[in-house]
Each structure stands twice: as C-alpha cells, then as structure tokens.
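S.K.: Residue numbers (this note's numbering), protein chains in the order written: chain A, 1 to 162; chain B, 1 to 699.
Among the clues, some could well be false.
Derived DEER-like restraints, expressed as beta-carbon distance ranges [unchecked claim]: (1) B/Gly567 / A/Met126: 38 to 46 Å; (2) A/Val114 / B/Val351: 27 to 35 Å; (3) A/Met126 / B/Ile464: 51 to 59 Å; (4) A/Thr34 / B/Ile199: 35 to 43 Å; (5) B/Ile464 / A/Ala117: 28 to 36 Å.
Only part of the chain A face toward chain B is listed, based on derived beta-carbon distances under 10 Å [stated by the list, open to error]: (6) Val38; (7) Tyr46; (8) Ser102; (9) Val103.
Away from chain B, derived, C-beta distances all over 12 Å, residues of chain A [said to hold, decoys possible]: (10) Asp36; (11) His43; (12) Glu81.
Read the hints as simulated data drawn from the structure, not as lab findings.
The beta carbon of each residue, even a glycine, is placed where N, CA and C say it ideally should be.
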Amino acid sequence: MIKHARVLALIAVTILVVMSWNVSAQDQPTTTVTDDDVNAIAHELYCPVCENITLDVCGTAACADWRDEIRMQLEAGRTKEQITDDFVQRFGDRVVGTPQDSVLRALSLVTPWVIIAAVLVLVGSMVMGSQRRRNKPLAAVQPPDDRSIDRYQKLLEEDLEG
Amino acid sequence: MLAEIGLVAVFLAFLSSLYAIGASLYGERFARSEAVVLSGRNAVFVTFTLMTIAILALQTALMSQQYQIAYVWSVSSPDMPDFFRFTALWGSQAGSLLFWSFLMSAFAAAAVLLNWRSHRRIMPYAIVYMMTTLAFFVALVLLFENPFNRWWIIPTNPVDQQVVQAGLTPAGGVAPAAQDLAASAQGLNPLLRHFGMAIHPPMLYLGFVSFVIPFAFAMGALASGDLSTNWIKATRRWALVAWLFLSLGLLLGGRWAYDVLGWGGYWGWDPVENAAFLPWLVGTAFLHSVMIQEKRGMFKVWNMFLVIGSFSAVIFGTFATRSGLVDSVHSFARSDIGFPMFFFWAGITIVSVWLILWRRSRGELRDEHSNNSLLSRESLFMLNNFVFVALFVAIFWGSFGAPIVSELVMNTNITLGTDYFMRVTPPLFAALYILMGIAPLAAWGKTSLTRLGRSVVIPIILTIVSLVFFMVGGLSTPGGLIAYGIVLFAGWVALYETYRGIVARRQAHQEGVLQSLTALFNRNPRRYGGYLIHFGITIIGIGVIGSTLFQQETQRTLAVGESLNIGGYTLRYDSLDNGQIAEDGRSMDIANLTVIRDGKELAHLRPRRDFFPQTDGMNTMTIAGSYSTVENDFYVILVDWEPVQQNAATFKVYINPLINLVWWGGLILIIGTLLAAWPREVLPARIRQEVRGFVPRTA
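Using the sequences provided together with the hints, build the complete structure.
M.R.: Right, dumping it as structure tokens:
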C-alpha cells in the first residue's frame, strides 16, 4: 500500500513539475525573431513600390511596414518559403530576384544561354566561312627573335609600333 | 541675360553642327571642294566655342544664384555650398544633357585637331557622324530639356496656370520676384550632395562621349572606303581613353553607392549601373580584338560590329536611363525624350550595320589572314571576345530584355535582381579570368600545347602557394578556394610575364631592376600597361570575392552603453547627437560608437542620418561610419526603421572583407591604362640619336 502511495506521489509530482514547466514555458514568447531573421528574408524580396531596392535596405515607410509584417509572419511560425509565396501572391513576381512562375523563370534563366549559344553558332559559322574563303593561307608566325632580326629592321618595327 | 546668352549659343551651335554635317558631306562626296570641306571642319571648332559659351552661361547662372532660370531654381538653393552649386550643373536632366553635348563638342574638336592631317580621307565622314550625334543631343536640349527656360507669371491665365516655364518671354509674362524664387528654391537632390558626385558623372559622360570618336572613325572608314587599318590606328588611343573614363566612372559610382546609399555594398546590379557597364564590356572586347586587326589584319567585320556595339550600348544606356524605360516599358513613351532617343538609337544602329554589310558584300572587309589554329593568341582573343559578348547578353537580358519582354508579351512586371545575376554571370567572369591568364602566354599564329603548358607551370605553382596562405588564414570553402585560384592565376601570369621581361633586359643590358622596368614600359607601353591592368583587375577580383562571399552582417537595437559582437569586433553605443542643424539647413542625427577588438578601442565612428526638410521626395540620406583596414571594413549604418530614441538606436553592421582591394585594384587599373594610352614619341630615342649622328649640322 505504501509502495503504491509512493508511486502515486511520484506520478503526481512528475505531473506537477511538467505542468509548472509548461506554464512557465507559456509565459515566454513562443519564438524570438531577431532583426537578422527578418532581414534574411527581406534581403531576398524587392520593394513592391520602389525600383530595384531590396526590402531590408529600403527606407520608405511602406517597406518598414512590410518588414514588420515579415516579423509577424515569422512569429506566427511561417517559413521563409511561405512568406515569400505570400508576397509573390500579393504583389507579383517583381518582388523576387528571379520569378517563381515556372514560365517566367524559364524565360528569365534559360533565354540568355539560348541567345549566347545562338551568338556562338553565328560567330563560329562566320569564322568557319572566312576560313573556307581564305585567299592567303597563313604560315605559323613565331614570336620575333631579337637576335635573328636585323637591327635596323627591329628599330623600324618599333617605329611602326608607335 | 545669362539665359538669353545660353539659349542663343545653343541654337547657334545646333545650326553650326548642321552646317558641319552638310559642308563635310557635300564638299567631300559631291563638290570635291577642299574649301567647302575645310569650312565644315572649322564649323566643328565654332560649335565647340558656342557650346563652351552655353555651358559657361549656365554655370555662371548657378554660381550667381539666378533663380529666375527654372533649372537653377530646381537644383540649387541659397543655403547650398558653392561646391554643390558647381556640381549642380549635371544635377538634373536638362543640365546634364547640355553638359553631355558640351563634352561631345569638345571631343569632336579635339579629334579633328589631332587627326585631320594624318587621316584626311576619313575625317570629313567622321565629322558627319560626330556632328550628327551632337546635333541630335543639342536638339533635345533645345526642344525638350532646355536648361535656360525661365519662370514667368501670366496674370491673364487661369490661376492654376499663371506660373509657366518658357525660353522666350511669353505674351503678357512678368518675371516673379527674385526673393520669392530664392525662398522656394528646391536645392540639389540630397543623394547627389557627395564629393563623389563631383567626379563620377563627368567621368561617366566622358567615357560615353569619347566612345563616339572610335565609332565616327569606323563609320568614316566605311563611308570613305578607306578600310585599311588606318581608322584603327587613329582610334585605338581614343578607345583606350574612353575605356579609362568609363572605368573611372564605374569605380567612382561604386564608391559613391558604398558611401551614400547605405546598404553596405557597391554594386547592386541596378539597371542604371548595368547601362554603364554594358558599353564597358563591349569596349573591352574591342580593345583586345583591335590588336588582332593591327597585327594580323583579321576580324575586320567583327571589330566594326564591336565599335558599333559600344556606341549603340552608350546611346541605348543613355536612352534607357533618361527615358524612364528602366521603371517600365510604358513610361518611356510618357517621357518627352523617350521616342526621339529610341528612334535615334535605332536609326543610327541600322544605318551602321547596313554600311558594314554593304562593304562586306563587296568583299572590302575580307581578312588578310585567317586563323589556322585553335591554340593561338588570335583564337584565345576571339574566345575572350565571345565571353565579353556573352556577359553583355546576360546582363542586357537581366536588366532590360526580360522585364521588357515579360511586360509586353505576358503583361507581367518582373525584376531580375542579384539572384539572377549571381546565377548567370559567375561562370562567365571565371572564364574571362582564365583567358586573361592563358591568352597572353600564347603565340600569334600557332602555339603548341606543350609550350603553353610550360608557360603556365610557374604561375600555377605561385597560385597554389598563395592558396595555401589563404587556407592558413582561415579560408576553407571549396567555392572560395576555386574562385580565388582562378583570379590569382590571372594576376600571377601578369606579374610573372613582367618579371620575365625584367630578367631578360637585365641580362641583355646589365640594367638595374627599376631601370629595366622603366625601359619595358617605355618600349612597349601597351603590353606592359596591359599586364598592369590585368593585375589591377585581379586585385579587384580578390576584393569582390572577399566582400561578396564572406560578408557578415547583423542588426541590433542597442541602449546607450550596450554592445554587440560580430566577427571578433565589439561595437559599443555611446550616445546620440540628435537634431544637429548643419549650415545648409539639413538636420542630422549622429550616433557615437566605439569599435573594440581584443579589448582595445580601435576607432570612434559617427554614422548619421541627414534629413533635408526643404526637399520634396527622397529627402533622407544614410551616411555610414566605417573603420577601414586592408583586412576588412567595419561598416555601420544608423537604421531608423525602429523608432530612434535618445537612449536606444538600431544599427546595421557589416564586415566587408578585403573590400578596399576593389578601390586599390581600380587605382592600379587606371595607372595601367594611363601608361598604355600615354602618347609617346613616334621615333625611339636611339633612332633620334643615330639620326642626329648621321645628319651633318649646318649651323
């Protein structure tokens, strides 16, 4: 009987300790969001009002409000991706450095490489074409050897260089 | 009176530039009259004189506070220091367009003066192109952005239209009272009240304007049919000068952004920055490619395209940043100068490309030699050109292409920011640095892999040794090591090649090190100036990698006496000097901070926020406080997005490793460019001495 009473007492104490810990934990803020946490997300988002200024450095009152909003969303437990998605949904793809919409993203990231490849093909074909049309085959040119060139010719070359 | 003098001078300059175009073209092409051609040439000098009068009139109006002139009223105020009154000349659209035109006229006059005798056949056509560009910009000044417009009150107009701006006195117009105008004058945009703004815009304009000269010579060569390498010889130095000014403009712009914009960086991939960077990229490609045409008579068509590309990029950049295109593709139509600039840019580009294709179709741009090896300096330079063009494409697309296409085609507004540029450009920059290291080691015509391999052994060993030092210093990330390795290799090649030159001269001439180095730069300034430029770009690269990959930042609100720790430093907030009033009327909030490391006080910083109460729109400036060493910048901004009180303030702190190398590398680059571009005597001293020895003295 005493043994059972001890077990019950132990359980009761454990429950009380757990409850009191829970209560004290609830007294604390659920999360601690720092300015750095806010800026880490704000740095990836562009001001919807100004041009090409990220939210973390924009000095307007509107941007200050949006930074507060990021803080509140972080405090509410939302992730970076969720917050970014929320901003994109409300203000469009212009608020991110690279669009999230798959078509726009592909257009943005793939197109320059396609153009570069096209330029490469164009330049390559021009070079190949001029190779075929060449009317003066070239012998390999070695760098001039000072000792083998006539002194006056060398001086003349220097003169021409100027 | 100053307004009338300025306006009449600009109008006469416009007429004079039109006369220069007509006389040069008619005299050379149709009348074959030397007298007419010469009168066209002289009109260039007259235009320059008139533009000088116009710019002096506006500058005098600014310095003597003639607020009756609307431009003076909008960019200056009675409490502004004289220094900023002077720089207000280019502080807004109308003044900067006039300044642009003045510089253009000065460069045109200098080009005619220096090149008339040596390139007589090309010059009349070059004048046509230079003066067409000038006439267009002067027309913009006269018709759309007149800095000599004055304020007038017309009592007979409805109340809301009584105050108007006009160049000529309107019917019934009465000049407003001088004291009223002075009291309401706007003052210069706060962001432009910085020492860097005294130099940065003029340098950029000089860079932009001077690219017109190589373009005009190239077009002159196409139009005249003188397609030898003469135009290249005439413009090589002009292109280098343009590149020098543009480089200086970009560097100073970066420094201004770092000091004034308050975001801890110097390059934000902003379209306006990129618009200045694009002609720099094409110009750099041209400076490399032009060597091949000079030495081997190759890449003639390509060089023509590069010259047009640099000029076209200059005009497009000017159009994009001044027309509002950067904000939105629709806003440029709302800007007065949007359409004229677009049509000028498109017209001159189409005409130029047509001229190239026409000459090419006649077989007049055929290369004298062809490339017969993929492993030659020509091939590597071609590859280097291709990478420059690829960078141009990537940056142009990110800044203008994608936003315009998405808005026009998909009706969606997008911004491609740092995220895009940091995905696309690093591989291309890495390729450029690798080529910068390898290309100078390859021989003209053909080189063997073994020979090239032997040449790179010592620079590679030096690079590995340097990386070991970096690792000992704490660098451990693979990305950082690879990036530093690529950049260091290019720098070691430049240094090692210069060292080899010194050793060779010392052996041949028994000279001292300094004497050998001087002789090398004297004998071949382009080559060794080029190596110095490469070395400078290496130093810039090291700074960019350090400050980009390893930047640290934090933001905290501190009470007076509290501290924060970052990167081994401690920052203590000592006090706030709130509401300090400066001589020019701005209100300053200044924080007093102490930087501490290892218990030792290193510096006292005073970051501040300036508020300009009389200025509309953007009227706050964030001036950072920084403690600079070679190792890093400890950079602090006073943030006000939390309410700033006397006893608590919010600070954003950055540690920017190696950032000062960006500025030091820039200085080396400028010195290298000056050495490469510096005019030298046509005849080497030895020849002159020998000639003196042979020619009998008559006196």
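S.K.: If a hint holds in the structure, say so; if it doesn't, say that too.
M.R.: Taking the hints in turn, this is what the structure says about them:
no., hint, result
1, B/Gly567 / A/Met126: 38 to 46 Å, "violated (52 Å)"
2, A/Val114 / B/Val351: 27 to 35 Å, "holds (28 Å)"
3, A/Met126 / B/Ile464: 51 to 59 Å, "violated (39 Å)"
4, A/Thr34 / B/Ile199: 35 to 43 Å, "holds (40 Å)"
5, B/Ile464 / A/Ala117: 28 to 36 Å, "holds (34 Å)"
6, Val38, "holds (8 Å)"
7, Tyr46, "holds (5 Å)"
8, Ser102, "violated (12 Å)"
9, Val103, "holds (8 Å)"
10, Asp36, "violated (5 Å)"
11, His43, "violated (9 Å)"
12, Glu81, "holds (14 Å)"
Violated hints, listed in ascending order, are 1, 3, 8, 10, 11; each of the other numbered hints is respected by the structure.
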